[in-house]
Amino acid sequence: MFSRTIFSRAVRQTASRSSAFAAARPTPLSHPAPATSFLFSLASQRRLLSDAVRQAIDKAVASAPVVLFMKGTPETPQCGFSRASIQVLGLQGVDPNKFAAFNVLEDQELRQGIKEYSDWPTIPQLYIDKEFVGGCDIIVSMHQNGELAKLLEEKGVVLKEEGQQAEGETKE
0 MFSRTIFSRA VRQTASRSSA FAAARPTPLS HPAPATSFLF SLASQRRLLS DAVRQAIDKA
60 VASAPVVLFM KGTPETPQCG FSRASIQVLG LQGVDPNKFA AFNVLEDQEL RQGIKEYSDW
120 PTIPQLYIDK EFVGGCDIIV SMHQNGELAK LLEEKGVVLK EEGQQAEGET KE
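As numbered in numbering that gives the first Met the number 0, residues 0 to 171 make up the sequence shown, in order.
Hints were generated in silico from the structure; no laboratory data involved.
It is possible that part of the hints are untrue.
Straight-line distance between alpha carbons at most 16 Å, and here's what the computed EDC-like set of lysine to aspartate or glutamate pairs gives [to be verified]:
1) Lys97 x Glu153
2) Lys97 x Asp50
3) Lys154 x Asp94
4) Lys58 x Glu130
5) Lys114 x Asp50
6) Lys114 x Asp57
7) Lys154 x Glu130
8) Lys114 x Asp94
9) Lys129 x Asp57
10) Lys159 x Asp118
11) Lys149 x Asp118
12) Lys97 x Glu152
13) Lys70 x Glu105
14) Lys149 x Glu105
15) Lys97 x Glu130
16) Lys154 x Asp128
17) Lys129 x Asp118
Produce the complete structure using the sequences and hints provided.
Right, dumping it as structure tokens:
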């Protein structure tokens, strides 16, 4: 379901820029002081998220009221945590028209970028109304204690059962 055009374009732009910078980047061995070398290696372990990738993720997060970054697709999840997250959202009755899923396995930049974007180390990641909610453990916990149902209801992203009317609607 992930729109490759959003990320592919960003990745191509980033790749063309990053290859030029990679050659100019000093290696940890080129730093003379051991303390500086240690700090440099720590800084280099955390990659900065490029503007292009950040903008593409911003666009993906804003693409629907409920957004899940997962491994695989809702129809064929590729990990148990992604499967559990999809099942919970299904049990909650999330409206498919208000839901978007993005397969991080399709794009390495997305897979790494979303972790840096949210500062959350694992996938899947759930966003509701452009706000990061959490990973599978948080989703399951919120489902079990009723917080997720309340949040989804407040945001108006749950399918209405037949005969049930939305707040403010009147029967004619």
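**Message:** Of the numbered hints stated earlier in the document, which are not met by this structure?
**Reply:** 2, 8, 10, 11, 14
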